[in-house]
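Colleague: Protein chains in written order, with my numbering: chain V, 9 to 756; chain R, 36 to 429.
The hints are simulated quantities; they were obtained by calculation from the structure and are not laboratory data. This structure is a prediction, so every number in the text was calculated from the model and none was measured. Glycine included, every Cβ here is placed at the ideal spot set by N, Cα and C. Don't take every hint at face value.
Covered stretches of chain V, as calculated for chain R (at least 3 residues, CB under 8 Å) [what the hints assert, rightly or not]:
hint, segment
1, 21–35
2, 254–267
3, 400–406
Computed cross-link-like contacts, DMTMM-like style, restricted to lysine to aspartate or glutamate with a CA-CA straight-line distance of at most 25 Å [claimed, not checked]:
hint, chain 1, residue 1, chain 2, residue 2
4, V, Lys56, R, Asp277
5, V, Lys24, R, Glu318
6, V, Lys56, R, Glu318
7, V, Lys63, R, Glu218
8, V, Lys329, V, Asp523
9, V, Lys219, V, Glu153
10, V, Lys335, V, Glu316
11, V, Lys77, V, Glu176
12, V, Lys56, R, Asp281
13, V, Lys85, V, Asp104
14, V, Lys63, R, Asp277
15, V, Lys150, V, Glu316
16, V, Lys63, R, Asp281
17, V, Lys516, V, Glu615
Residue-level listing of the chains:
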Amino acid sequence: MDFTKDASTVMGTPTKSMTQRIMAIGLIIAIVGFGWAGFGLLFQSIIKGPGYAAKAADQQLTTVSLTAKRGTIYDCKGEILATSATVWTVYITPMDIDKDNSESDEQARLISDGLSEILGVEREKIYEMTQKNTSYVRVKTKVEENVAKKVREFISENSLGGIIGLEESSKRYYPNGSLASTVIGFVGDDNQGLAGIEYQYESVLQGIPGKLVASKNALGSDMPFNYETMVEAEQGKSLVLTIDEYVQGVAEKYLEEAVVSNAATNRGCCIIMNVNTGEILAMATKQDFDPNDPFTIKDQTILDQIAELPEEEQKDAKSKKIEELWKNKAITETYEPGSVFKIITGSAAMEEGKATENSTFDCPGYIVISGTRYNCHKHEGHGHQNMTNIFENSCNPAFIEIGQRLGAKTFYKYFKSYGFTKKTGIDLPGEMEAIYYTDKNMGPVELASESFGQTFRVTPIQLITAVAASCNGGRYIIPHVVKEIKDNNGNTIETIEPTVVHQVISEKTSKAICDMLFSTVNNGSGKNAYVAGYRMCGKTGTSQKIDKKDSTDKIASFCGFAPAEKPEYAILVMIDEPHGSSYYGSAVASPVAGSIMGEVLPYLGVEAIYTDDEYNSLNITVPNVVGMDIERASSTLTNGKLDVRVVGNGDKVVRQAPAAGVSTPQGSKVVLYTEEEETSKVTVPDFSSMSVSGVESTAKGAGLNVVISGVADGASGAISYKQSVKAGEEVEAGTVITVWFRYADSVE
Amino acid sequence: MKSAEDKKIDGLIGKELDKPVLVSRGKVDVVFFSMILILVAAGLIMLFSASYAFAYYYEGSSYAFISKQLKFAIIGLVLMYGISFVDYRWLAKLHIPWILYGASVAMLGLVLALPVLDPNLPYKRWLPLGFTQFQPSEIAKFSIIVLFAYLISKYYKKMEKFTFGILTLGALLGIVCALVVVEPHLSATVLIFLIGMVMIVVGGAKFKHLLTVGGAGVGLLAIVVLTGVVSYASNRFKYWIDPWADAQGAGYQTIQSLLAIGSGGLFGRGLGQSRQKYLWVPEPHNDFIFSIICEELGFIGGACVILVFALLVWRGVTIAMSAPDRFGTMLTVGIVFQVGLQAMFNILVVTNMIPNTGISLPFFSYGGTSLIMLLAQMGVVLSVSRSSAIEKRQ
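All chains, please: the whole structure from these sequences, using the hints.
Modeller: Rendered as structure tokens:
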């Protein structure tokens, strides 16, 4: 190419048009170009910036949750009812398992074989997990430390670091098994409370999980240049319950026995409450469950019942039953209180002046209200009675009359005042409301049946709270099961004080009720609840169920308190649908209450005051005479109001029966052995269905000592129904056997 | 026809300066020189910050990139200073413009031929030199500037003629652009094309002609797009509008860039505090280094960078207009506008104002040969400044 024709010198200065165009383009680049770039920057960093920043944080930060240790649950004496320990969750990251080598699938097999062996999870199940394409699959939760250690070894041996992982979590332990299970409740897989206290106090117990916020790079690993924020987990707070492990244990022991021996088909419950504070010392439901393994039925009777069902129904029946066993019968189920409710009717009438201690009632065996005839359980009638008598006799016509005197409006006023129209507010989940007639829809007939506790339903906790109010001087106190909340250093954060809501009846009326109910236990329908020295008061109940066609499905109950002169503790025992030898509250529930209070009241430090008769028949603790010569041993024992029988020809006592420390009635015979080889065995006779004197003489004849339980010594009419050592067993002469009695004649 | 003034200037200095001196004795433009030093220093600091996590993970040492870049920067600065003493007019002598252009075209051809020899190469952009590799398009860019500066200043009177101003120069530019676009290297093509066009416009081409060609160009572009020659570019267009349409794929780089800029806000996280550089922004030391600057130094920091580039262009224009001859003017204009346009395009890409084209940020992005090339060209501008009439006119 030849440009030379028009060529000018290269070195000439720029033309005017050149400089103008340079300026113009320069301005375009500077203003339009960089202005546009500046706008882009402004737009993305300031206008859209906050949104982008949040998205960036989402991808950059990983949050590792640090589990908070769940608070411990203690009984009122500091015994542990529920506690947490560290366990591990084993998980895998199937996404990262090498699946390219699909023919052999080596890694997946290695993992499923290894973990199956260590964790005891089915191999096929784990293999299925490895085939997923997710980043997190739990293989097993709540793996204990020793097993977790094996998993860690397996990981390091096979370099499976990114694929198998362990996460710290905690497991809940209930050292007493099923004890108070329906109150304490249980936790789920994530340690979340699912029932009972565990559920109710979830926010207190669970604590606040901590967080470890770490930045990560696009590969998912942590950055070497640290950016980490740690928020420490706040440990859960602990609870101190009003429940007393010992009292609860005693209540459960007798309740379970009663549910089994009376063949109750709808469980039973028992509540023990401090009438002056509203504290619940025991709340038992039987049958119940083991919170360590809440999804398994352990009761053999229930399992047998399910096994009898057609196979296709078994699974449903099982899960239905499990849920039923979780329920705390004392608060989640309503029932007809029956004659126990007469305490309420009676106290209302006395408070209103519609009846006094001296009021008299005539019972011809029935009463007719608005054309409806109500029979008394005693068909020939109780005849002439005073106020105390009608409690002792549990006379329905008399209480119907009292109800009519009160009228629906006033009756309902007390019904409401005693707390039956709303939940008690106890700090447990699932409390039910009562089902009842209000004064608006309550006619004379409804009033008549409600007067003696029928045709309406309340919860056991409502009833015992009302009875507590009737005997504690008339104060309605909200029941509660949590006494204190403590931090994890054991410092008390909160103490739950008794909440007195209002006065229901006067102290005077309350005192009168105590006296009458004392008499009811001592002379009347409640006498099976008698406890020597502890002045038990109470009322039995045998209720018909409105919703049950089968008239044999009754509820036997007892609600009472002690001691009479200044009540401290109330007890309610309710056996739902007993199908044993009796369904009466007096025969089924009262002895249970008596047995429980007999063990519990001394433990609780209630002072025993004995009548002369009671004092004379008080049991004696056998002293130790082993090692003494015969003469001294004999005098020690006889001075202690015990009899002596010597076996063998030695000079010194080598063994004694009963052994030292055993409690036995006065005048019991202590057998002293003077030679090692010497024994005197006797066969335990069958003590069932005997009177007290019959049992005493039979025992004497057999060379055994007996403790009479359930009735005052020498009481007539009581029949034995249970003995502590089975008939036919061989025992040493002098062994102390407890025999329980109850009155068979009492009804209602 | 020469104006009287032209003749006068030719007579006074033109002939005198017709023979270039070996060493330029004038004073270097201190403002321009300082701005370059500021940009190089800021570039090195930001490169270190942006690259160290990436270098740590992929190179095994946090210093892998910065140590290399530092060496290149020192070499480049020394070279720049050296070149500033050499009279730029040597570039118009000894057929250097043509030799440069010929060599560029040859290398661009060679790059395209390389994949035939080694089919594993993904792109046809790099020429291996044994010890290093470089992009012939960088050389081509410079060769266009030198050739156009030479031709326009020498034949400026013919610029108004369609055959010379549009056809001849357009053909020379078109050959280079065609070779670069099939690499494919769209951003470099656009940049070379724009620099060429800017020089043609400044050189005095008629707007009537330019409009005619512009219309034809648009038509040609339509054909190219329709025939799918640059189909990958049309994909880029799609993910420019909505990068979240393929957040893990084609839109990933843009998204990560925007997240970094957004995280910075007004004042930034502070120098060294970027989190997006932890492998989130792919190759944070390369084309997207501006996003890390914004994350660490915020809108304020990003705006300062834009301002410095704008000032650099302004100062470059001043130098160009006070150059003693047209060749110096055109050379400076070409070089300075090239840097300005490249910075502008890079920031527009990083802020997602235009589709992602893969263009680096001068002085900041990692890359040895391009930094040395850049600083060498800055040396040429400084050389012009030494000979300029700035002082004389003051």
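Colleague: Would the hint linking Lys85(V) and Asp104(V) be met if the CA-CA limit is 25 Å?
Modeller: 52 Å, violated
Colleague: Closer than 8 Å Cβ to Cβ for three or more residues is the test here. Does the segment 254–267 of chain V pass it with chain R?
Modeller: Result for this restraint: violated, n = 0.
Colleague: Are Lys77(V) and Glu176(V) close enough, with their CA atoms no more than 25 Å apart?
Modeller: 11 Å, holds
Colleague: Using C-beta distances, would you say chain R covers the segment 400–406 of chain V, given that this needs three or more residues below 8 Å?
Modeller: Since 0 is below three, the answer is violated.
Colleague: Verify the proposed pairing of Lys335(V) with Glu316(V), using a straight-line Cα cut of 25 Å.
Modeller: 24 Å, holds
Colleague: Need the status of pair Lys56(V), Asp277(R): alpha-carbon distance at most 25 Å?
Modeller: 14 Å, holds
Colleague: What's the verdict on Lys329(V) and Asp523(V), does the C-alpha distance respect the 25 Å limit or exceed it?
Modeller: Not satisfied, since the Cα-Cα distance of roughly 43 Å exceeds 25 Å.
Colleague: Does Lys63(V) pair with Asp277(R) here, judged by a C-alpha cut-off of 25 Å?
Modeller: Within the cut-off at roughly 16 Å; holds.
Colleague: Check the hint pairing Lys56(V) with Asp281(R) against an upper bound of 25 Å on the C-alpha distance.
Modeller: 19 Å, holds
Colleague: Does Lys63(V) pair with Glu218(R) here, judged by a C-alpha cut-off of 25 Å?
Modeller: Violated - the C-alpha atoms of Glu218(R) and Lys63(V) are around 36 Å apart, more than 25 Å.
Colleague: Is Lys63(V) close enough to Asp281(R), meaning Cα to Cα at most 25 Å?
Modeller: Holds: Lys63(V) and Asp281(R) sit about 16 Å apart, inside 25 Å.
Colleague: So if I understand the rule, the pair passes when the alpha-carbon distance is 25 Å or less; does Lys24(V) with Glu318(R) pass?
Modeller: Roughly 46 Å between the alpha carbons, so the hint for Lys24(V) and Glu318(R) is violated.
In summary, the structure is inconsistent with hints 2, 3, 5, 7, 8, 13, 15 from the numbered list given earlier, while agreeing with the others.
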